[in-house]
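> Residue numbers (this note's numbering), protein chains in the order written: chain U, 1 to 550; chain S, 1001 to 1524.
Source of the hints: derived by calculation from the structure; they are not laboratory data.
Ideal placement from N, C-alpha and C gives every residue a C-beta, glycine not left out.
Wrong hints could be hidden among the right ones.
[To be verified] Where chain U lies over chain S, by a calculated footprint (3+ residues, C-beta under 8 Å): (1) 1127–1139; (2) 1216–1227; (3) 1324–1332; (4) 1358–1365.
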Amino acid sequence: MYRRAFLTARIPAKRAPFKRLPGQMGLVPYAGVWSKKEVQHLLKRTMFGSTSTDIDFFATLSLQQAVSQLLNPTASLPNPPINDYNSPTFIDPAVAAGSTWVNNPTADGTINSYRRSSFKKWWTGLMINQDRSIREKITLFWANHFGTETNDIGTSHYVYWHHNLLRQNCLGNFKQLVKAVTIDAGMLRYLNGYLNTASAPDENYGRELQELFTLGKATTVQYTEADVKQAAKVLTGWRINGTTFTSYFDPNTHDKTNKQFSAYYSNTIISGKNGSAGASETDDLIDMIFAKEDVSKFICRRLYRWFVYYNIDSYAEFNIIEPLAQLFRQSNYDIKPVLSTLLQSQHFFDAQNKGCLVKSPVDFVIGCLRESKVIFPDAVTQYADAYGMYNYIYGWLTSMGQNIGDPPNVSGWPAYYQAPQFHELWINSDSLPKRSRFTDTMILNGYTRNTKKIIVDAVALAKTLPNPSDPNALINDLLAIIYTVPLSVSTKQTIKQQILLSNQVTDSYWTIAWIAHTNNPADMAAYNIVNTRLKQLLQYLMNLPEYHLS
Amino acid sequence: MNRRKFLRNSIPLATLIPGVLSGYSVKALSANALMQAAMMPAFETDHVLVIVQLTGGNDGLNTVVPIDIYSNYYNARNNIAIPENKILRLTGINNCGLNPAMTGLQTMYNEGKLRILQAVGYPQPSFSHFRATDIWMTGSDSNVVLDNGWAGRYLNTQYSNYPNGYPTTEMPDPLAIQIGATTTLTCQGPVVNMGMSITDPNSFYNLVNNVQDPVTNDAMGYELNYIRNIARQTNKYALRIKDAALSVPQQVTYPTNNSLADQLKIVARLIKGGLKTRIYMVSYGSFDTHSLQVNSTDTSTGTHANLLGNVSNAIKAFTDDLAFLKIDNRVMGMTYSEFGRRIKSNSSGGTDHGAAAPMFLFGKNVISGVSGTSPAIPAVVTVNDNIPFQYDFRSVYASVLQQWFCVDKTDLQAIILKNFQSLNLMRNTGCVMSNSGLDGDFISIYPNPFVQSTTISFTTTGGHTLIQVINNQGQLIGNLVEKEYSTPTTDKVTFNGGILASGVYYIRFQNGATQQVKPIIKAQ
């Protein structure tokens, strides 16, 4: 599969830089106010949505403790995806319903198709049920970075274990991750590495390894077409065993000649090796690539775009990317120190970098579900229902342009590389109405499957707020969870009056209605009065352009 | 004007799924079957209905002021009563007049463009703003919770597939437009809201005060601006609405500092500009005048008078504009408030939440006049006394749908959910008209006062006949008669009201377009 992205722009868009306030000191640790507002910002960027429960929890920690908790997930890796797909018309012969299929590889196309689908539902569920860590967001980051497509890989076994590799190493060492991904069966399959032999070299992976996975395309990156060919030669011999569904090194198909690289790589020669030692040439190649500072800068730019903002102006390049890249190199490509420094920096909490990230579909959908505290069936005891719900949510992600596991091509989603618009590409005349339809649906009707329903319970959500009987507090507290863009006092007044007060001017009418409900929760009329208005409030707020920013 | 029977006949009516939850029957409309219909409207019409919501509960007695029972009126609220000599008189009407601030509506009445409906309400009135508003918007019974609106149900019968595939060539415009930030329950259909609220800041920000915060000069503002632009481009109706508004260069002068006038001015432009939208909703208030609703030195002025003056001036200017724009044949309007206010004023110069109140219908094709009598006001009023309803508000909705939008009986049942009395309100509408109501005396009650029981003799012209007992707080005690008479009949019914507390009650008779309310007194 040769599916290189058509990449046009190397240079970030030119636009007038925003004024920087004095005192913006790059990566120096943030020492300003650490309130729920800052917690919310941190959580929006590192998790999918900031629930009130999570905001309250992290607010009890210091910034340092909060970042440490986010970067050190305590939960073990999740249980693997299971057979949710047995039906009267289809039974998986090897795996019982409710059991995992990840240890029973098969070449059967039908089974693989069911399992790929199971994998995506499972992944969707993991994001919905994420723990208090950065794991899900950074796993998606790597999935975008390496850009594999399940539909191309085909075999569900490779799909899962490739994903598991990313998940396992998501906060580990980047260099190790690249090494592992290079000889991972899923990647070998996806970029034809398993077909790359001495007699019929395939340059696909050799190219993407440099261009997309490590060095990038900045002007300083000067590897040559010859380097691509030489890298491909180094990588010959990696094959996939069709019986065990694992990758292995086959010295017989490995190119044993010496590989001469260009001046960009200081004319390095990777000596050809015989026998199983040929496999270690791959390590030599990766060591050579990682000797270039471009790797650290490229990855730091990608992390910056994922967690801070897409526009990297000269200030950010000089004061953030460069020192961050230096740190990355110093830590021998460990990911955590970089994230830890960035997420605790003055720059990360700078007003200039708040509320400017356009939510991806995953951020939008999963964030909405989590912040609204939509309750899903239990993933273990009610797995069939749960997977059915995850599938519904996954369908929304896909319709909005982010089919997890299947980005458009190996470059990942254009929102993370396509200048000048980057994240703005998520929002267009097709996706914007779908986003609103999603929130409308979840608020008004929900989704019912097999008598179970997922829906935003607006009244229950209001009850999680500190003071829902006061319409002003209710709106402020709700906004403190779901909005990063501040609304003016007059806008909030208008919203309060037109929605919560049904055009009245007396705040106590809301209070009376709320108390009437809480005093007698079984009274349907009283419930309906507050429920209708709260749903309208959520619907309105989630339809405003502000809601798409985090 | 071709009724698309061939489409409709294949579609089952919305089915009612009743259930009972903690004493309230909850009805949900299942409209899946309706969703299969084609996208053309069931009935082509260029008629437009403008709904004016007076939020907060308008004091009906100081709006339409009784003249024939002025002394009872005055005694009930001497601290806020409109002086008799300041009441605006209506040509040919001796029993009531208008608040002195409502000169606009007075002129309209005298020009034959206004109908006043006295004491519109419903049994078991709610005194909660929210619940009462929901009742008026959904058209539900007092004890029934509905989650869709009467206009939404109407539009659903017309455009049953909305919003899938819309806008269409036949219906390129929003089905309903609410001027304001949010769409209301009134236009909530069984599945989706059929209405659209206009919040376009470019065209309407200054007019309707829908504040959109300016973007900040930073990355957040940059992205917010981007999304707002896409949102504007994406709104499939934005261009139509903008074009319609811009295509009307000239209008009459509307009053300034009057937000209702601002809203109605937009409505006139959009109608003239060619939108096929059938229903517009505007709102104005707050009429929640618990205290100081009048100036104590001159009760013909003050907060309430200012509100009414603005309503009157806005509607007058709108009506003049419709004539100026030559669209007055197509447009009618209707005011409502979630409730009226208490008969007896309170000591802080205001009035508390009440029950039935007058509605105004306006427009060139409205049959002018006053429906109903002055509200019943006892000679000695207690603090909880309320005005019993003479007309059910759903009768007004049903009549407007029937006579203005030519909704047939079957659809009417699905929209209004019951068989409500048809009132003769509109003319020259091209719809097949039902019988008009009769004037006269249809019920006699003997004995009155009564101790154990009394007999009500009544004359029906046939068809649906209803006799209700209502207490002095407007609550329905029960239906004595509810049946279909195949022929004109004189009949009687015995009311065994011995167990009731002594006091004033009302017998309400309803037969087709005809209705009559008479007081009865239960004695010890």
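> Are the hints correct? Go through all of them and say.
Hint-by-hint comparison with the structure:
no. : hint      : verdict
1   : 1127–1139 : holds (count 6)
2   : 1216–1227 : holds (count 9)
3   : 1324–1332 : violated (count 0)
4   : 1358–1365 : violated (count 0)
Of the numbered hints given earlier, the model fails hints 3, 4; all others are met.
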